[in-house]
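All chains should be built: construct the whole structure from the sequences, respecting the hints.
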Amino acid sequence: MGVPRVGLRRNTLGSLGILAVIAAIAAGLPALDRALPRERTVRSGTAYPVTDAITVVPPPGARLDAGQTRPGRDVGQAVFLVGRVRFAILVSPDRLTPEAAAARLRTRLRDGLGASAIEAGAPGAAGALTGRFRLGTDGGWYAVRVFDERAVVDATASGPPADLADLLPAIQASAASIARAT
Amino acid sequence: MTPQRTRAARVAPVRPQPLAGDLFGSVRTPVFWLLVGLLTVGAARLGGMVAPPFARYPVAMTVAFVLFALYAVPFVLFIAHVDRLEREPPVLLATAFAWGAVVVTVTAVPGNLAAESIVAKLVSPRFAALWGSALAGPTVEEILKFLGVVAIAMLATSQVNSVVDGMVYGAMVGLGYQVMENVSYAAVAVQEAGAGDRLEPVFTTFVVRGILGGPWSHTVFTALAGAGVGYAVVRVDRSARVRAAVAGAGLGGAWLCHFAWNSPLLADGLGVGVAGRLAALVVKGAPVLALVLGLAWLARRREDAYYAGVLSALGDPWIVTPAELRAMCSLGGRAALRRAAYSRAGAAGERAARRLQESQARLAVELSRGIAAASGRGGAAEEGRLTPAAVDRAREVLRARHALAALTLPTADRRPFAGSVVMWLIGAWVTVGSALGLALMLRALT
Numbered sequence: 031m032g033v034p035r036v037g038l039r040r041n042t043l044g045s046l047g048i049l050a051v052i053a054a055i056a057a058g059l060p061a062l063d064r065a066l067p068r069e070r071t072v073r074s075g076t077a078y079p080v081t082d083a084i085t086v087v088p089p090p091g092a093r094l095d096a097g098q099t100r101p102g103r104d105v106g107q108a109v110f111l112v113g114r115v116r117f118a119i120l121v122s123p124d125r126l127t128p129e130a131a132a133a134r135l136r137t138r139l140r141d142g143l144g145a146s147a148i149e150a151g152a153p154g155a156a157g158a159l160t161g162r163f164r165l166g167t168d169g170g171w172y173a174v175r176v177f178d179e180r181a182v183v184d185a186t187a188s189g190p191p192a193d194l195a196d197l198l199p200a201i202q203a204s205a206a207s208i209a210r211a212t
Numbered sequence: 047m048t049p050q051r052t053r054a055a056r057v058a059p060v061r062p063q064p065l066a067g068d069l070f071g072s073v074r075t076p077v078f079w080l081l082v083g084l085l086t087v088g089a090a091r092l093g094g095m096v097a098p099p100f101a102r103y104p105v106a107m108t109v110a111f112v113l114f115a116l117y118a119v120p121f122v123l124f125i126a127h128v129d130r131l132e133r134e135p136p137v138l139l140a141t142a143f144a145w146g147a148v149v150v151t152v153t154a155v156p157g158n159l160a161a162e163s164i165v166a167k168l169v170s171p172r173f174a175a176l177w178g179s180a181l182a183g184p185t186v187e188e189i190l191k192f193l194g195v196v197a198i199a200m201l202a203t204s205q206v207n208s209v210v211d212g213m214v215y216g217a218m219v220g221l222g223y224q225v226m227e228n229v230s231y232a233a234v235a236v237q238e239a240g241a242g243d244r245l246e247p248v249f250t251t252f253v254v255r256g257i258l259g260g261p262w263s264h265t266v267f268t269a270l271a272g273a274g275v276g277y278a279v280v281r282v283d284r285s286a287r288v289r290a291a292v293a294g295a296g297l298g299g300a301w302l303c304h305f306a307w308n309s310p311l312l313a314d315g316l317g318v319g320v321a322g323r324l325a326a327l328v329v330k331g332a333p334v335l336a337l338v339l340g341l342a343w344l345a346r347r348r349e350d351a352y353y354a355g356v357l358s359a360l361g362d363p364w365i366v367t368p369a370e371l372r373a374m375c376s377l378g379g380r381a382a383l384r385r386a387a388y389s390r391a392g393a394a395g396e397r398a399a400r401r402l403q404e405s406q407a408r409l410a411v412e413l414s415r416g417i418a419a420a421s422g423r424g425g426a427a428e429e430g431r432l433t434p435a436a437v438d439r440a441r442e443v444l445r446a447r448h449a450l451a452a453l454t455l456p457t458a459d460r461r462p463f464a465g466s467v468v469m470w471l472i473g474a475w476v477t478v479g480s481a482l483g484l485a486l487m488l489r490a491l492t
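Same order as they appear, the protein sequences are chains A and B.
According to my numbering, the first sequence is numbered sequentially starting from 31.
According to my numbering, the second sequence is numbered sequentially starting from 47.
Simulated from the structure, these hints should not be mistaken for laboratory data.
Backbone N, C-alpha and C fix where the C-beta goes; we use that ideal spot for every residue, glycine too.
Treat each hint with caution, since some may be false.
On the chain B side, residues computed to face chain A include the following (Cβ under 7 Å) [said to hold, decoys possible]:
id	residue
1	T75
2	R102
3	R172
Set out below in structure tokens:
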């Protein structure tokens with residue numbers, strides 16, 4: 031018993047329709063996302079809210095990555111692009127000591143990003159725990175701060191080693207500017 | 047034999063079709079190969095997605111898989127129980143589950159990320175942080191899950207005989223996705239904890255997403271969408287435009303429920319802490335669950351009435367008595383008859399009554415297929431001609447009837463009426479879930 035020709039045609043069209051919608055979601059949406067510009071200018075020297083309670087003053091010349099920035103109420107992240115260096119700040123409402131928060135960030139860098147050669151460095155400005163890591167051929171720098179034992183701020187910068195070395199002072203100054211919103 | 051055409055039968059809430067060559071015949075349809083292709087490619091991609099967390103956190107990920115697989119069991123039992131008269135083929139239920147777990151998961155991950163990013167770029171990152179998941183999640187996921195129900199309906203149209211069937215397949219698609227999404231959330235939680243291969247994030251995910259958020263999640267949303275697909279397939283008496291509109295309304299309803307669930311409304315629990323947040327979960331979720339259960343109850347009542355009409359048309363009290371017909375169409379009526387059998391003949395009586403009810407259901411379905419296969423409006427049963435398969439089913443009923451009648455003496459090993467295994471399992475699940483939820487709440491409050 032064969033499938034009636036009308037039914038077969040309808041089945042074929044329906045199947046192609048399903049396939050088209052899946053392709054549109056799996057490939058079309060990402061393509062559209064890539065086609066839209068992701069960088070936004072941010073006002074130089076002005077604090078940018080990462081959450082309702084935490085702000086950061088971006089490095090000079092930084093542009094906001096709108097596709098990855100999500101400033102929420104008590105959880106949020108802001109991603110800035112400074113030349114070829116990516117500077118990300120992640121805020122989470124966790125009750126951790128600075129040491130525990132730094133250990134957590136190192137594990138996240140290793141497990142989540144595949145970072146290697148993760149080293150703890152000397153304490154940075156504003157009581158931040160800092161360190162360095164490698165991400166493939168890129169260099170990386172991180173800083174961890176804890177506010178009122180209730181908000182953990184992870185700041186990471188990664189990019190070509192030479193670019194990172196040039197921009198690191200500005201990025202460290204930006205990390206030091208992370209503060210509670212007034 | 048005088049056919050009794052009930053209102054339910056006139057408006058055809060059920061559209062049974064002959065089984066002949068159905069599932070095997072579907073191999074010749076394009077949608078079969080589409081499903082094979084998408085499930086194969088999806089499984090390979092899913093393997094690539096879960097392999098890295100499995101390699102990093104083998105214990106946590108194994109526990110997450112086992113925990114959420116066990117979590118799915120009472121859902122599956124309940125879903126199968128909803129359609130108790132005309133059970134769906136396990137292979138189709140498994141296909142629906144696999145669509146949700148595999149195709150929806152691997153497609154939704156890039157789709158959701160891209161959609162949220164687009165929202166952030168077109169509106170603002172702040173708006174995306176608040177409303178991104180409420181807009182992107184339902185739009186991407188509900189469409190993908192809906193397509194799964196459509197694909198099942200195209201693969202085996204004769205198995206979608208009622209609105210209830212559409213809800214059953216929709217629920218299975220949603221459950222598949224719900225399970226895999228929860229496993230992926232557990233993996234992310236383990237990684238975010240930054241403490242290595244630890245189980246605490248898995249258990250926290252299980253309580254928060256599985257127990258507190260699970261009862262009114264994807265399974266329920268897609269059941270609603272599936273109801274629309276079921277209507278579109280069954281109600282051939284309506285115009286294509288009306289059927290498409292109802293299917294679209296089902297999808298729209300699922301989208302709206304999902305949107306409300308993901309939205310930041312009430313996210314702060316009205317400012318009264320954890321208790322308020324838990325209350326917000328109930329406020330957001332319970333109406334959706336009640337809506338879908340109510341819809342399933344209504345659809346099942348109509349389906350029950352249809353099948354009762356089919357049995358009634360035989361006019362044979364050995365096949366079905368008036369009391370049994372009434373029980374078929376009432377909430378808890380069948381269980382009441384089993385309780386009565388238990389009171390007369392103990393556990394053996396209850397089992398015999400259950401067998402009788404199951405054989406009657408099988409006969410009703412078989413009779414309705416005979417009606418559908420027969421030419422003309424009357425049909426085989428109504429004209430007194432039963433198909434060979436229906437004759438076999440009728441003999442089953444008579445055997446079950448005699449077995450029940452033979453058990454007239456009370457037995458010595460009488461125990462309290464046990465109810466159905468399904469309801470016991472679901473009850474246990476609810477009890478454990480409530481206890482875990484309460485423990486979590488107390489821990490958070492103290």
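Here's how the hints hold up against the structure:
Proximity of T75 of chain B to chain A holds as hinted, the smallest CB-CB distance being about 5 Å (cut-off 7 Å). Here the hint on R102 of chain B is kept, as its CB sits about 5 Å from the closest CB of chain A, short of 7 Å. Interface hint at R172 of chain B: satisfied, since its Cβ lies 5 Å from the closest Cβ of chain A, which is below the 7 Å cut-off.
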